[in-house]
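Enquirer: If you want the building blocks of each chain, they are given just below.
Number of protein chains: 2
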Amino acid sequence: MKSYLDCIPCFFEQALRAGRIATDDEHALKQLMDELGKRLHQISLDSTPPETGRLIYRMVREITGNNDPYRELKLQSTQEALVLYPSLKRIIEESDDSLLTAIRIAIAGNVIDFGVSATFDIEIAIKEALESDFAICDYSAFKDKLVEAENILYVGDNAGETVFDRLLIEQMNKPVTYAVRENPVINDATIEDAVQAGIDKVATIVSSGTDAPGAVLNTCSPEFREMLDQSTFIIAKGQGNYEGLSNEDYLMFFLLKAKCQIIANDLGVTKGDIVLKGINTGT
Amino acid sequence: MKSYLDCIPCFFEQALRAGRIATDDEHALKQLMDELGKRLHQISLDSTPPETGRLIYRMVREITGNNDPYRELKLQSTQEALVLYPSLKRIIEESDDSLLTAIRIAIAGNVIDFGVSATFDIEIAIKEALESDFAICDYSAFKDKLVEAENILYVGDNAGETVFDRLLIEQMNKPVTYAVRENPVINDATIEDAVQAGIDKVATIVSSGTDAPGAVLNTCSPEFREMLDQSTFIIAKGQGNYEGLSNEDYLMFFLLKAKCQIIANDLGVTKGDIVLKGINTGT
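Those protein sequence lines, which keep their order, are chains A and B.
Residues in the first sequence are numbered from 457 upward in steps of one, following my numbering.
Residues in the second sequence are numbered from 457 upward in steps of one, following my numbering.
One or more of the hints may lead you astray.
Chain copies aren't distinguished; within one or between two, either way the pair holds.
To be verified - Capping the alpha-carbon separation at 25 angstroms, the derived lysine to any residue pairs in SDA-like fashion look like this:
no., residue 1, residue 2
1, K458, K486
2, K715, L472
3, K599, T520
4, K545, D524
5, K458, T479
6, K630, E606
7, K494, L511
8, K458, T520
9, K458, A484
10, K727, Q717
Keep in mind the hints are simulated off the structure, nothing from the lab.
Extracted from the complex, chain A is given alone in its bound form (with noise of 0.2 angstroms):
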């Protein structure tokens, strides 16, 4: 997904968020918002906003001097969603279609969001998303290609998330790959932040190779990248990993909750509306 005019004053509200969770000293929030007052003209509307999320970061660490400002957050957010993570299975096991009743899970856990808000509710989201009707839903096609592919790659998203993935990987029943970002951007999950979650058990973990919070294909290892070359099946999750690979030519399902305006638009969407969109599923 390219860049939209809106997002702009949004990347100056994305830089001043993850700038305070750094730091409070105003004078280098003041500097934050100015270095990347001078860099805008270098950000093209035709990038996908990750890749600018991806310079934003960078710029916090570099000012702030802080490497990982969420570092506590995430592992909060972690041990949350582990403490939920029994009776989201007893509800996926219980329900008439435990994928699908997954798949709601899933997304459910991409609320998790500290890029797109300083705040969020969990148990609304999850009772949101099981009860709300998808807005696209390309389940069908998701269960097709599901029995046909032989493994799994899977992009994760934000730390704490992962733990309702894990969820959903263990619904499916296939060799899972489960690829997180290489450096920490935001809340979004590395290595560490993934086998907190568990994801180890059910999963083989690897790095795409990218410090920008969603998987923009020229920031990522050419190992990644082989490796979407050579999946059948893949699944991104949420808005960042939506914005850098919504383009591409992989057969790839999006599981998000559309949080952003922008994205709901592109997507033909309303905020807030929970998706499973397929795309090159020759359907």
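Since the structure of chain A is provided, determine the placement of chain B on it from the hints.
Expert: Here is chain B on its own, set in the frame of chain A:
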């Protein structure tokens, strides 16, 4: 009022909103964002938001070549307000406290502000202003000082809102000088807009000399500053005038609706609250 870090993303939103009224050329709009970005390091947090507003709308004019993008919207707002005038006049005259009701109506008119949002509902604003409690209500001081005042300096805000101001002016029974912006900026009232609202029938209209969306003193004319110095009863309408004048030493009453979170914080009220705040009243 100084600027806050949270004003910075909002400056970009304001520029985009105004730019879009002036043009639909995406290239020009990106250029507008880029220019604002480049100049951001020159914008001190010690400056007031309307000083930056002035810079932004100058850039909009320069880049889009449109000197008064809100002209049609302003005329439309005034005409719509004039349609409401007779019924509002009746509400004021039939109320137990006509002066206070006229103040409430004048505050309701403050919702006509394209600088804060692209949409608003004036009928709802009137209902709310008539029924809501004031978050700050220095009405007692307002009445006392009004009795003593020989004349009134009324610093207007937006076109259309001018009609609501006229209703308050008609209730005060004192000679009123009504100050407007020198040049078009957002939908702020100029002399032309004030005349269209019929302010010339109830007050002497003067220019404050500024092209900022608020009475920022160092951008106002010496004549207007002299007027402020000489006045013993000043009414300043709206957020822009509050931002420009709240730290000055004049005896002054601010009438506004707190439409943005930052101003609400500065005033110690909740966003959406209505405010009648006196400063330097000696009480």
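Enquirer: Please work out whether the CA atoms of K458 and T520 approach to 25 angstroms or closer within one copy, between two copies, in both situations, or in neither?
Expert: The answer is between: 24 angstroms across copies meets 25 angstroms, while 29 angstroms in one copy does not.
Enquirer: When Cα atoms must be at most 25 angstroms apart, do K458 and A484 count as within-copy, between-copy, both, or neither?
Expert: between (30 angstroms within a copy, 18 angstroms between copies)
Enquirer: Quick one: K630 to E606, C-alpha cut-off 25 angstroms, is that within a copy, between copies, both, or neither?
Expert: Result: close within a single copy only, 7 angstroms intra versus 85 angstroms inter.
Enquirer: Between K458 and T479, at a C-alpha cutoff of 25 angstroms, which is it: within one copy, between copies, both, or neither?
Expert: Cα proximity of K458 and T479: across copies only (21 angstroms, versus 31 angstroms in one copy).
Enquirer: For K545 and D524, with the copy left unspecified, which applies at a CA distance of at most 25 angstroms: within, between, both, or neither?
Expert: neither (31 angstroms within a copy, 60 angstroms between copies)
Enquirer: 25 angstroms Cα cut-off: does K599 pair with T520 within a copy, between copies, both or neither?
Expert: neither (46 angstroms within a copy, 52 angstroms between copies)
Enquirer: Can you tell me if K727 and Q717 fall within 25 angstroms by alpha carbon in one copy, between copies, both or neither?
Expert: both (5 angstroms within a copy, 22 angstroms between copies)
Enquirer: Within a copy, between copies, both or neither: where do K715 and L472 come within 25 angstroms Cα-Cα?
Expert: Answer is both: 19 angstroms inside a copy and 21 angstroms across each meet the 25 angstroms cutoff.
Enquirer: At most 25 angstroms between CA atoms: does that hold for K494 and L511 within a copy, between copies, both, or neither?
Expert: both (12 angstroms within a copy, 17 angstroms between copies)
Enquirer: Classify it for me, K458 with K486: is the Cα-Cα distance of at most 25 angstroms met within a copy, between copies, both or neither?
Expert: Only across copies: K458 and K486 sit 14 angstroms apart there, 27 angstroms inside one copy, limit 25 angstroms.
Of the numbered hints listed earlier, those contradicted by the structure are 3 and 4.
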